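Taken in order, these protein sequences are the chains called R and L.
Numbering-wise, this note's numbering comes out as the position in the first sequence, counting from 1, plus 22.
Numbering-wise, this note's numbering comes out as the position in the second sequence, counting from 1, plus 4.
These aren't lab readings, by the way, just hints derived from the structure by calculation.
All of these numbers come straight from a predicted model, not from anything done at the bench.
Quick reminder that beta carbons are idealized off the backbone N, C-alpha and C, glycines included.
Warning: the hint list may mix true and false statements.
[Stated by the list, open to error] Each pair of labels, with its calculated beta carbon distance range:
hint: 1; chain 1: R; residue 1: 169; chain 2: L; residue 2: 343; range: 36 to 42 Å
hint: 2; chain 1: R; residue 1: 82; chain 2: L; residue 2: 343; range: 25 to 31 Å
hint: 3; chain 1: L; residue 1: 228; chain 2: R; residue 2: 182; range: 34 to 40 Å
hint: 4; chain 1: R; residue 1: 82; chain 2: L; residue 2: 199; range: 36 to 42 Å
hint: 5; chain 1: L; residue 1: 315; chain 2: R; residue 2: 164; range: 32 to 38 Å
hint: 6; chain 1: R; residue 1: 57; chain 2: L; residue 2: 319; range: 53 to 59 Å
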Amino acid sequence: MACVMDGNGRWAARRSLPRTSGHRAAETTVIDVIEAARTAGVEWLSLYAFSTENWRRPSTEVDFLMRLVRRVVRKHAALLHARGIRCRFLGVADPRIPPALARDFADLMTLTGENRGMTLTVAFDHGGRRDIVAAARSLIRSGVPAEAVDERSFAAHLPFPDTPDVDLVIRTSGEQRISNFMLWQVAYAEWLFPPVLWPDFRATHFLECLHTYRQRDRRFGGVTPYTNGERRP
Amino acid sequence: MTETARNEPGSTGDTSGAGGDRLFGPGSRFEAFFNDPRWALAVVRATVLEAAHPQVGAALVDNSVFVAHPWRRLRNTVVSLQRMFGADDEVRRREAARLNRLHARLRGTDTRERPYDAMDPAVRAWVVATLFESSVTMCRLSGQPLEQTDMERLYAEFRAYLAALDGDARQLPATVREFWPYYDRVVEEELENTEAMRVILYRLFDHLPAPPLLQGLPTLWAAGRALAGPLLGVVTVASLPEPFRRRAGLPELPGAQALMQGAYLGVGLARFLPSGWLRTEVLTELLALSPDGDDPRARTIGALRDRMKRAGALVRLLAPLPPEPDPDAGDTARRSAEELFAAVLDQTGDGYLDWPDLAAMAREIAGRLDLDEPEETRLYDAFAGWWRELQAALDTDGDGRVSGPEYAAAVPSLAGPALIRVAEVLFDVTDADGDQRIDAAEYRALFRRGFRRDRAGSDDTYARGAFVRDFLAFMAGRERSSPYDPLLADA
């Protein structure tokens, strides 16, 4: 399952605080949701942290976000590792990402690479279309004849090809958009749009969403039995 | 066994020995020592004895990068010894030729105007002698003296090493029995309290820079060094020959002898560790490993390295962040002129930019690319041209070298035609197949890592223009984080 973390700016604006404090408040929610997902037995969790379009935000806000993410990653690295969570960062291709942050991302991936408890994919500097274009490029480079390309062989060229299709996407703050998020993987996903803003989103909201999804699930069919770390068939 | 080598005094140029009993490769005494942790203490001791020789000392002080870049130097030494003592004769021949070309460039005069020359056979014999004697002493000090036959065998191996380097081993006495008077005579008559020796004993140990892997942890490193640095100094001094300690005026600390023997004994106990835990080349590789490089061997060296990598990642992640930079301070990606001078240009760490600094850069690059003639000379010539340009432009007080302030005052004139020439030649020698593009394998040979994601063009090669531009950006301090950092700036 996946979360689009929306509403930090509005959360801050409602309190007459600078936008940056909304991002800061989001940290608590992130940790809360990770814990709740792990306890509820979710094996694959993706969080949409920063899109390729977010670079258009004012440079002071972007700089602040970079510093904040670095602090958060470092602060919670040991905890995530101790919880048996495998962390991965999807995207992270732009040269504007500070090298120190990229190093921390790589370190966290190295540190937790052997964990099998839950896989946490953080989409940072991510764009769904860009991933598809990259997969197409890699496919062409590998010289596969056009007739041999099907959905499964195409998906094998996406970044982190072992990521299963997303079953449920939660987008907070009531906005109902996809915003270029993991386009390939959300093809059959159920979407939920709780009105609560991301900094106010808590474990209880998360469990409510999961419950709603299970209700819907009863109508739409079974859960795909993917195992952590296993390649797609 | 060893008699075969002893029976042909003065002509150990035949590296396989007379009876087919090989002096190099698996099964040699050297091989056994190479992974012995005590050998680290022995090599430090040997280096101090080397440096106490006036000619070696002068060459080290003038040319060596060991003060500013000790880990890189250590790695290069280990690789070189492995090649020289390995089983492959062709590898040994190439390495000997490379060392000879390298040493032929190291000559000059010391502060008292006495000439030195790294090709002087007597000097080279002394370097080999210190290694042999320190290995023997290491065994004695840790309470397990070598058997006479083992000692003779080891001596034969070191003589063969000298022979592979010099063509013959005549400068070293033919037998161990004759070796000791020779050794005692040099210690008594030739060794001095040289500057190089003082630098090693008192400056290097106390100011040892962190290895690249631990660069994110300055406080941890400083705390460990504050304890280990002086200790290593005391242990080394106490293990030096008594007559030399007396003549050089080295301090006698109470308990130092017991401490020294305890250290040798204690380190010797590490041999009870499971085999494979302590392998010299793995350790030095690890220490010299740049944290963000992607050495292909990293994948194959196995579980230990993986665990170390994860531990390193954890340690880096847990290390406290430096204080937030002032957002008004401007572009932090630039290196200041002083910083560039200290980290990159002043390779020998003496506070001045001089020809040996640039020669050290050429040496490092030539070593990495494993260059042969005439490419090696082309590279040195390009660096020499750059040195003339720098000297002409920057040496305002005319003392023949460039100081930090002189450099900082004249940074803009740095990117002259000779520096561009260096970049061009560097491109040519890196482009091994001469197709005017640097592909991933050529890139890896120079930088020991794959293409950076922002460097790789559509066809994953690196063109001349971009290469020259990036090199100039690094040398002008415009780009702080670059693949040149592990090559030239890291310790």
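Structure-based check of all given hints:
{"no.": "1", "hint": "R/169 x L/343: 36 to 42 Å", "in the structure": "violated, 58 Å"}
{"no.": "2", "hint": "R/82 x L/343: 25 to 31 Å", "in the structure": "holds, 26 Å"}
{"no.": "3", "hint": "L/228 x R/182: 34 to 40 Å", "in the structure": "holds, 38 Å"}
{"no.": "4", "hint": "R/82 x L/199: 36 to 42 Å", "in the structure": "violated, 52 Å"}
{"no.": "5", "hint": "L/315 x R/164: 32 to 38 Å", "in the structure": "holds, 36 Å"}
{"no.": "6", "hint": "R/57 x L/319: 53 to 59 Å", "in the structure": "violated, 25 Å"}
Violated hints, in rising order: 1, 4, 6; the structure is consistent with all others.
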